[in-house]
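S.K.: Listed here are the chains, written in short residue letters.
There are 6 protein chains.
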Amino acid sequence: MTYQPGTTGIVVQNIERADPAVIDGLAKCGVATVHEAQGRKGLLNSYMRPIYPGARIAGSATTILAPPMDNWMIHVAIEQLKEGDVLLLGTISPSDAGYFGDLLATSAMARGCRGLIIDAGVRDVADLKEMGFPVWSKAIGAQGTIKETLGSVNVPVVCADELVNPGDVIVADDDGVVCVRREEAADVLKKAQAREANEAEKRAKFEAGELGLDIYGMRPRLEEKGLKYV
Amino acid sequence: MTYQPGTTGIVVQNIERADPAVIDGLAKCGVATVHEAQGRKGLLNSYMRPIYPGARIAGSATTILAPPMDNWMIHVAIEQLKEGDVLLLGTISPSDAGYFGDLLATSAMARGCRGLIIDAGVRDVADLKEMGFPVWSKAIGAQGTIKETLGSVNVPVVCADELVNPGDVIVADDDGVVCVRREEAADVLKKAQAREANEAEKRAKFEAGELGLDIYGMRPRLEEKGLKYV
Amino acid sequence: MTYQPGTTGIVVQNIERADPAVIDGLAKCGVATVHEAQGRKGLLNSYMRPIYPGARIAGSATTILAPPMDNWMIHVAIEQLKEGDVLLLGTISPSDAGYFGDLLATSAMARGCRGLIIDAGVRDVADLKEMGFPVWSKAIGAQGTIKETLGSVNVPVVCADELVNPGDVIVADDDGVVCVRREEAADVLKKAQAREANEAEKRAKFEAGELGLDIYGMRPRLEEKGLKYV
Amino acid sequence: MTYQPGTTGIVVQNIERADPAVIDGLAKCGVATVHEAQGRKGLLNSYMRPIYPGARIAGSATTILAPPMDNWMIHVAIEQLKEGDVLLLGTISPSDAGYFGDLLATSAMARGCRGLIIDAGVRDVADLKEMGFPVWSKAIGAQGTIKETLGSVNVPVVCADELVNPGDVIVADDDGVVCVRREEAADVLKKAQAREANEAEKRAKFEAGELGLDIYGMRPRLEEKGLKYV
Amino acid sequence: MTYQPGTTGIVVQNIERADPAVIDGLAKCGVATVHEAQGRKGLLNSYMRPIYPGARIAGSATTILAPPMDNWMIHVAIEQLKEGDVLLLGTISPSDAGYFGDLLATSAMARGCRGLIIDAGVRDVADLKEMGFPVWSKAIGAQGTIKETLGSVNVPVVCADELVNPGDVIVADDDGVVCVRREEAADVLKKAQAREANEAEKRAKFEAGELGLDIYGMRPRLEEKGLKYV
Amino acid sequence: MTYQPGTTGIVVQNIERADPAVIDGLAKCGVATVHEAQGRKGLLNSYMRPIYPGARIAGSATTILAPPMDNWMIHVAIEQLKEGDVLLLGTISPSDAGYFGDLLATSAMARGCRGLIIDAGVRDVADLKEMGFPVWSKAIGAQGTIKETLGSVNVPVVCADELVNPGDVIVADDDGVVCVRREEAADVLKKAQAREANEAEKRAKFEAGELGLDIYGMRPRLEEKGLKYV
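Protein chains in written order, with our numbering: chain H, 1 to 230; chain B, 1 to 230; chain W, 1 to 230; chain C, 1 to 230; chain D, 1 to 230; chain X, 1 to 230.
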């Protein structure tokens, strides 16, 4: 059964996930390549930034719908984590509060979680960096939250302008975050790897000083459009 | 059949709509009351602002998924409009360009459209005001768009942080925009009307100078929480 | 006794206010003139905007310190209002939620309140405009609040980057909001009125086509600084 | 002679202007049409908003380069105004201060000025509205400025991301602000009027219920791109 | 004697400070823990960010009220520094200019200053990082300032939405900045250390794979609220 | 011949550049010093931030005017690069899309390019950091661009609020980006070096504990302005 985004009070316990080998393959390709490979869709809003540079992950989304300033559902979600998952949190209304810190990260890591994507704030960022638990967030801030109101776990959620289904593959690196539909993941990986092979070849040509104008045969079309060299 | 948000190249021609009487009832209640009545969910991000004050509408969402800086799909969507619909547009990636102006409004009005909700920019706003075609948008700007790439019509779209399904009821006024699930609309209307009746009664008491502290019986709980009058 | 800004759980019942004639005089002068007259201090951040154009008010501040997304203290504050007061609300942490709507406005107006200055969101703005209850706010939005946590009433509060004491005079118009210390209000009024007299005289000269360069005798200093006419 | 943008200490006294009939023609066409007619260039950043709705003007730019928080050069510029000019101000570094108010507007109107485009703040906006002096600005705020440092008048200035030369034609309405190069103005007017004629015809068709899909013959290309109706 | 925030032209030479051992204890606890320990108050706005990651400091606030684009008072403040102090600057009106650079940092470090909290801009950030002088600021930028107008030193100032008194304890790390009232510092430290002890215990449990749902006994209340596992 | 900013369809092949020794001298001085030395002009908007910390470069601007979401002209520009140049891109209308990534950087580096200044988005930032190719940008994001519309190369462009001519010297470091007119570069370098010498002397005094109040002889003027020590 599928739930409407915005449904509260529900925890879906069994979700389907993509093939782990596909997920790891997507991580290697990185966000920009995956985004291109799937037809330039699925990017989260670029206000989502990593709390420290250099991390690159992919994982199956365990989704959280959270009320404003209320992080109760994160505890509920952690129980649903499987090895290789990524927590992904959207809010019912916008908030910059610090929903997540080092204790929750300790708990999530103990369950095999690879990172957090959160359309809200995060805190204890120095500890999270030291622990090697990567987070992409809208904000950094110490403001505390409460545990008062139900949201949901593993229903579809809107996170940074993208609808993410539980089990969709999340890829995140210094360029941002992209969501790949679970059922399209294997196909997207193939296309992404093809792009990578193609890029390796081009990189060699560029290093040798060849120009994109020639490699891509752009000169005739530029001339036709009327570009004038003076 | 249900399509994934983000699906491109699809026009769904027959969508279900809520009962017109329910829709008109929701318009009368307004955004704040409807938002409360359905458990405080469904609000679009508050950056969505009306291009002129004073409009209050409700209608069934004819949804548009549009590529960045490309308004081609609006033409496609207008053919799908039924009397009493509202156009609602989300983009594949964020854009402030002016997707919509007075010509498109003329065409939409001729098909019975009640207004536009657009997570992007709009132009010809002086004309739109004169025509009485209300728009809630993220931006106002004259920047033109192209007609080059396919999006979709009447698939679920994310608009200003909310997932909207085709046929969901959109209510919009000077407070913003709220989305009501089609299948919940009748129930939400009942709750909203009950709130209104209740508010009318309270308004009379407030006008007579009674205090919320007494009307709502707040004093004991404030005392218990430790509030000190000095 | 004076309380620290940020103190919670306190309602100060008796505050001193400025002379009503002084307050009304400041309203006539308007924000820009008052700001200049008191040495360019006291302006609230310019993100504070009126919900409708054309209002110009002054009043004694009944101050509210409110928790994030919690409007309980507004009810407490309304009981403390005296004829001619202005409600002014700062939050413990930033929030765009809609803390205030038409019912609270009805109650505040019944107590003689002249308007609201709120470093957060407001809703029912179409009703507020119709009622003639002016509000200057950081945001407009329907998002509801709760009644769960204590703040304070009539302690000093930070509102849009300015510290406001209970009983300080608030002047607000389409240019924004300025705070005048209660004990300086009479003196500021004198200076503001002197500026106005002076401006009236200058306005006549400008209308007659005289130039500021001559009225203010700027030419020698511009020449001395090296301005070249070419 | 042409000065570099950024040059300070210079007042250029004689600038060329476009034909008044051309300027007035551009005003009638409005910002969106002019922007399209000149190949979608020349738009100022969409953060420039009118201080009140409904104004539509065009005029020759008398340009001002102003230091941060210093409005001295506006006085210098007003002497250079000719009937039908528009004041346009860019700053050396960004500022939201209120550079311009009702006295300066009185002086500018006495010299035949049609309005102000200012990449900074403005104040006395209620008075300016009453006087009918339109302003497009980045901000509204009462914060005062000083008269201490030289800028320039009638050198090229960057205003809201666009380079404007003295004498360029500025068109402004509720959609924003667009700059037309003086030497291209007559040509742009012709193209804009052709667009308008064309739009009038289309408007009639749209009002009669014809669809853009048919008027513009879009159906074959949509089909070819693969659009599926389901 | 206490001065009003906003008072200009005053330098208070003798201020009280908290116990150095308490201050150092608070530094160890960090911003998030201290914020929680004092009842979730005192956080500066989350737009205040460190210019480089990894610093964690606490110190007594030597406060500066600065005019817009004028850093004269920083020189005055440096003379008032005592070993272990933190400079904290608020502005009379908002500014992103670069008030502070490596020379001022050299001078401040020579007086034992531990860092700067500035609700404005800072420059020479590469040098400051190399010198190990941490700064939390609203902006980074090279724009210069002047030395023309008086502000004050060691009067209460509003900095990033918080009122800070001279001698209050400032704690800052990668999560942001929090202000602790001087007279509450010892008590807050005790509560913060208690939280830390408690967290250490919980961290061990989380590492061992226990769930927050069980550690905090959340299951019954979630059930009572109606959470459904499906 | 000089082209108007905004001109499209033009590639200027031969531009004048400043003396390489002057350029390298300016790099050593850094942004803040150069900005001061040239009279506080030429700074790009402070939203331009480096994608990684620690780079400091100077070079001759090869300028690019790019359509929204279209990076075609970058390929054209790379052919025009000379050893020691910096690519600088402004857009015809604002865009946060990722115009530039590791392949283009490989190509630019092979032509001797020292870095990129881009008033738009960039991607592959982890790769760019590893390659040591510094970028100052408005945004980071993976969103792809197209190759459809002509812009220009080596015409004057507005970039982050500054007009930059081809061949102007660009200096960039962690403080931001400053533009020096080509013809003023040698003179600015002299003034910048004089400031540096002067600063070195002052740094020694500050390290020894002397106060700016004494070094700059500020005390009499502060007293005259009325500063009171209490």
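Don't take every hint at face value.
Same chains, same label: a pair holds when it works inside one copy or across any pair of copies.
What the hints assert, rightly or not - With a straight-line cut-off of 25 Å between C-alpha atoms, the simulated DMTMM-like cross-links for lysine to aspartate or glutamate are:
no., residue 1, residue 2
1, 129, 24
2, 147, 16
3, 225, 19
4, 147, 24
5, 129, 210
6, 202, 19
7, 228, 19
8, 28, 201
9, 28, 130
10, 225, 130
11, 129, 148
12, 225, 83
13, 205, 19
14, 225, 207
15, 205, 24
16, 190, 24
17, 205, 127
18, 129, 201
19, 28, 224
To be clear, the hints were calculated from the coordinates, so they are not data collected in a lab.
All values derive from a computational prediction rather than experimental measurement.
S.K.: A separate judgement is required for each hint: does it hold in the structure or not?
M.R.: Hint check:
{"no.": "1", "hint": "129 / 24", "result": "both (22 Å within a copy, 23 Å between copies)"}
{"no.": "2", "hint": "147 / 16", "result": "neither (28 Å within a copy, 38 Å between copies)"}
{"no.": "3", "hint": "225 / 19", "result": "neither (46 Å within a copy, 32 Å between copies)"}
{"no.": "4", "hint": "147 / 24", "result": "neither (34 Å within a copy, 31 Å between copies)"}
{"no.": "5", "hint": "129 / 210", "result": "between (40 Å within a copy, 22 Å between copies)"}
{"no.": "6", "hint": "202 / 19", "result": "neither (30 Å within a copy, 34 Å between copies)"}
{"no.": "7", "hint": "228 / 19", "result": "neither (51 Å within a copy, 28 Å between copies)"}
{"no.": "8", "hint": "28 / 201", "result": "within (18 Å within a copy, 37 Å between copies)"}
{"no.": "9", "hint": "28 / 130", "result": "both (23 Å within a copy, 16 Å between copies)"}
{"no.": "10", "hint": "225 / 130", "result": "neither (53 Å within a copy, 37 Å between copies)"}
{"no.": "11", "hint": "129 / 148", "result": "neither (29 Å within a copy, 35 Å between copies)"}
{"no.": "12", "hint": "225 / 83", "result": "neither (53 Å within a copy, 29 Å between copies)"}
{"no.": "13", "hint": "205 / 19", "result": "neither (35 Å within a copy, 31 Å between copies)"}
{"no.": "14", "hint": "225 / 207", "result": "neither (28 Å within a copy, 36 Å between copies)"}
{"no.": "15", "hint": "205 / 24", "result": "neither (28 Å within a copy, 30 Å between copies)"}
{"no.": "16", "hint": "190 / 24", "result": "within (13 Å within a copy, 46 Å between copies)"}
{"no.": "17", "hint": "205 / 127", "result": "between (43 Å within a copy, 17 Å between copies)"}
{"no.": "18", "hint": "129 / 201", "result": "between (35 Å within a copy, 21 Å between copies)"}
{"no.": "19", "hint": "28 / 224", "result": "neither (39 Å within a copy, 35 Å between copies)"}
Comparing the model with each numbered hint stated earlier shows that hints 2, 3, 4, 6, 7, 10, 11, 12, 13, 14, 15, 19 do not hold.
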